[in-house]
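Student: Make a model of the complete structure from these sequences and hints.
Quick note, the sequences are listed as chains A and B, same order. Heads up: take any position in the first sequence, counting from 1, add 1, and you land on the numbering used here. Take the second sequence: its position 39, counting from 1, is numbered 34 in the numbering used here, and each next residue is one higher.
The hints are simulated quantities; they were obtained by calculation from the structure and are not laboratory data. There may be inaccurate statements among the hints.
To be verified - To be clear about the criterion: a stretch of chain A counts as covered by chain B if any three or more of its residues have a C-beta under 8 Å from a C-beta of chain B, and this derived list gives those stretches: (1) 105 to 114; (2) 140 to 148; (3) 216 to 230.
All values reported here derive from a predicted model rather than from experimental measurement. C-beta atoms are modelled at their ideal positions from N, C-alpha and C, and glycine is treated no differently.
Here is what each chain is made of, one letter per residue.
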Amino acid sequence: MFKYFEPNKIFSITSKAPKYVLLLFIIILSIGLTEALVLSPEDYKQSHSVRIMYVHVPAAWICLGIFSVVTFLSLIGYVFKIRNFFLISKSLAPSGLVFNIIALVTGSIWGKPTWGTWWAWDARITSMLLLALFYILYLIAWRICNNDEKAFKLTTIITILGIINVPIIKYSVDWWNTLHQPASINILSKSSIHTSMLYPLLIMTAAFALFSLLIFLMKYNTELIKIKNKGLDRL
Amino acid sequence: MINEIILMDGYGLYVWSAFAFTLISFTTLYIVTKIQYIKENKKFIAKFGTLNSESAVIAKSQSINKQILSNNSII
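Tutor: What follows is the structure, encoded as structure tokens:
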């Protein structure tokens, strides 16, 4: 099964895909922005500030999703010695960090009109900040390790430690009294969000997912060319 | 209508700054990633040019190398 993850096979797809993904991203983002900024209704309590949700929530979902995928691939890559899984993880992490920063900054902007403060050391916000630090540590580990084996080991340890924080982020609003509101969207039970707000949110989530795919493809190609550059040095 | 979209009952500054920050972050990440890609691609092409004919034949036999050389402007 793992032969399908060989760089030769993947590169033939990743080298052609970015331009199509970019085009699709622009189309979906345009629809999402029109829905989020113009067509969706204002909230009866939060008024127009609720529109910040359309960038804040998808960014938070995607940064959590990317960190979970990075951890899973690092762990499987380390156990089964699949170098390409580390390459995929390394290429995913930069967009994960950027989405984490977007979630923190837009959350802070949302906090000012809603709670009257830009920042609070609340369980959800603090655990999200901690996740950003794990992303930074992960990316630094790749930069400082000259030896591949050492980098694989160190990045796997960082992701395993960081993944402990992911359920804490998810359930922090239930476990502690926080300023942050509880989840409005539940997969297993009925969501408390109206469809007029849910659809723009899902469209923006799709746009953000496409953007992370685009960055991943570009970054993965760059990493493969870097490896090939080293290969040319040996010839 | 336009004023309503821009001002948003006094929340415009917060809403627009959140969206602007997101789009600026996207653009920055895209440009940085693209620059890194172009830099590595140029380095590869330059290195390939310095190979002797025997090494160039070996390098060209690898499918990824051929694809890198033929995909200079993929993004």
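Student: Each hint needs a verdict: does it hold in this structure or not?
Tutor: Comparing the hints with the structure gives:
1. 105 to 114: Since 6 is at least three, the answer is holds.
2. 140 to 148: It is violated, with 0 qualifying residues against the three required.
3. 216 to 230: holds (count 10)
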